[in-house]
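Chemist: With the hints as your guide, set chain S onto chain Z.
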Amino acid sequence: MQNKLKSEEIALRIRRRVFEHCIKNNGAYLSQACSSAEQLAWLYNEALNIGDSIMPSIPENFSGVPSIDNKQYKTGAGYNGPVSNEFDRFIFAPAHYALVAYATLIEVGRMDPAGLLMFNKDGSSVEIIGAEHSPGMEMHNGTLGIGLSTAAGIAYGRKLNKEKGETCVFMSDGELQEGQIWEALQVSVYYKLDNLWAIIDVNEQQVDGAMSEVLDIGDVRKKINAFGAKCIEIDGHDIDAMRQAKKEPHKDQPLIILARTCPYKGMNYLKKRFPRLHYVRFKSEEERNKMNIEISKELGIEPIEY
Amino acid sequence: MIEIVNKPYSYTFKNYASKNEKILCLSGDLTSSCEVDEFRDEFPNQFVSMGMAEQNMMSFAGGLSMSGYIPFIHTFGVFTYRRPYDQLLASIAYPRRKIRIMGFLPGITTPAGMTHQAIEDISIMRTIPNMTVIETGDATEVESICEQANNVDGPVYCRILRGSVPRLFDTPLKIGDIRVLNSGTDLLLITSGICTEEALRARSVLIDAGISILHLHVHTFKPFNEEKILDLLNNVKLGVITMENHLVNGGLGTLIAEIISKHGLSKKLMKLGLNDTFAHGGSKQYLTKYYGFDAYALIKSIEKFIGQPLNIEEKDLEKARIENVHSLSKAEAL
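Protein chains in written order, with the numbering used here: chain Z, 1 to 306; chain S, 1 to 334.
Please note that the accuracy of each hint is not assured.
Okay, derived cross-link-like pairs now, DSS-like style, lysine-lysine, Cα gap no bigger than 30 Å in a straight line [claimed, not checked]:
#1 S:19 with Z:164
#2 S:22 with Z:159
#3 Z:192 with S:19
#4 S:228 with Z:71
#5 S:268 with S:222
#6 Z:164 with S:98
#7 S:222 with S:262
#8 Z:159 with S:262
#9 Z:230 with Z:192
#10 S:315 with S:228
#11 Z:71 with S:19
#12 Z:159 with Z:71
#13 S:222 with S:98
#14 Z:71 with S:268
#15 Z:162 with S:228
#16 Z:247 with Z:162
#17 S:22 with Z:74
#18 Z:272 with Z:283
#19 Z:74 with S:268
#20 Z:71 with S:22
#21 Z:162 with S:262
By construction, these hints were calculated from the structure, which means they are not laboratory data.
Quick caveat, the model's predicted, so the values are computed rather than measured.
One chain only, chain Z, in its complex shape:
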């Protein structure tokens, strides 16, 4: 499903929308939009072969967790289209990027902008940390590290079913500190899951700050290649590079694209806060106002009214 807009334009709109939300709500996972906007725009606009959303454009309210008494429970996967032999399946692993995911769904026409007004409101399914029932999500990834294993299981099943569609995971580099990721790589390589691929937002950030200062994980590309997967490293803001990377042959291997990104890309003013970028909350009204003026300028919009 190709949007009329270019992926680059969608990426800019994602940044604008997340920024607007951040200013209006006095805080947000803002730097994640800076680092991942191109990747998510490219995934939804070009890379993923997925059908139209089968969910209401304004998300329904939370209607209970899955239980024996609530078999009608629906995940948010329907925003990524129906499950079918042909279509790709998409797992969104870093659940704290939820705001960026919702903004993306809006910019590619899968969710109504009004859906974002429900963000983090009591009783809403548009949760701050993406839940299974949140738009675009299919599982609880708030516990980082389970996405790749799950996708590997799906990919294995789809191979058995001889399905055409691929399974894709969007990940963030912080979760590479979790041992489970490496277990998942072992299994994906052992079972030659070449219908599985991942793009990882390598923004080198985690909650406590820069990964190099919290727990440096070294040369990730070398490690993933040593595990036997096909690993390609690109500039994560260069959509052409993504297109090329996805074309790399990876017969009998999963493909892992490391998208090296900048956590304040498109909002250079945010650099002032480096390396405390995990969650941007303004320390003062003055800071909020200043950031509004400066970053709006960078994004080519009028300052946000709030």
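Modeler: Frame of chain Z; chain S shown alone:
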């Protein structure tokens, strides 16, 4: 003489799973230890070797379920919840995936010590929303476990007995049911898993000593048949004794205590099992005796419970069934 059945899980799983190609047999590097090696050899296309990587195995199983398969996970019980607890919740329990977790070596049924002995699994599993929790107590129950577990609309955890397993029952396990093994009016004795066999060894001697025992065998911890227990609780004079191959906190004994208090019943309860302690490595006979939940410990506890001596000697009990730790029916000494 009790009939001893050799590896009932092995043929049960093979017969059941080979008829449904959507069932996948997952193993965490414990394939012969969980008696699915014959299945692996005969049905390699339905076998997925997951290696020693339980965190991945749980989430991977979730993914298989999301692509239309029914994973039966095979490993030791402890390895299904201690290390991969987070994955168990997020990838299996919350989304109610139809995943069947077959946990081997329940409680002290292994000489491999603390790391291998699942002594708190029932406690943990039964507090997880959406989880069904079953424990097999004899060969007939093992023979019915695959079909019963697979009928559950949601995830299931099963304690499986392996190797030489006695046949105590002649009717299959039915999830949600409770077996009444003997009727009586003095004491309500509730046992589960291997403790039922122990209790059976003591029961005739106790009855001869004039104790009227209402004996129940519990295999389904969740959903628990509260009505049936409640009804029977009201039928005994002296109180209740539970005996389980598990910590006395969180499992069978606690379940009964919850029901007694919930309904405001005035019944004394004695809980036999591992009393807030880890165990160490040893034989089943040695460990159940050491920790006070073998047949003779049951008799001594009943004496305490009713406050009178029963004058029963250990030799009065039917001869204990002694298992050869290195018997051919086990893959290794563990």
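Chemist: Take the hints in turn and mark each one as holding or not.
Modeler: Hint-by-hint comparison with the structure:
no. : hint             : verdict
1   : S:19 with Z:164  : holds, 26 Å
2   : S:22 with Z:159  : holds, 13 Å
3   : Z:192 with S:19  : holds, 27 Å
4   : S:228 with Z:71  : holds, 27 Å
5   : S:268 with S:222 : holds, 23 Å
6   : Z:164 with S:98  : holds, 24 Å
7   : S:222 with S:262 : holds, 17 Å
8   : Z:159 with S:262 : violated, 51 Å
9   : Z:230 with Z:192 : holds, 11 Å
10  : S:315 with S:228 : violated, 35 Å
11  : Z:71 with S:19   : holds, 27 Å
12  : Z:159 with Z:71  : holds, 28 Å
13  : S:222 with S:98  : holds, 16 Å
14  : Z:71 with S:268  : violated, 40 Å
15  : Z:162 with S:228 : violated, 48 Å
16  : Z:247 with Z:162 : holds, 21 Å
17  : S:22 with Z:74   : holds, 23 Å
18  : Z:272 with Z:283 : holds, 13 Å
19  : Z:74 with S:268  : violated, 46 Å
20  : Z:71 with S:22   : holds, 22 Å
21  : Z:162 with S:262 : violated, 53 Å
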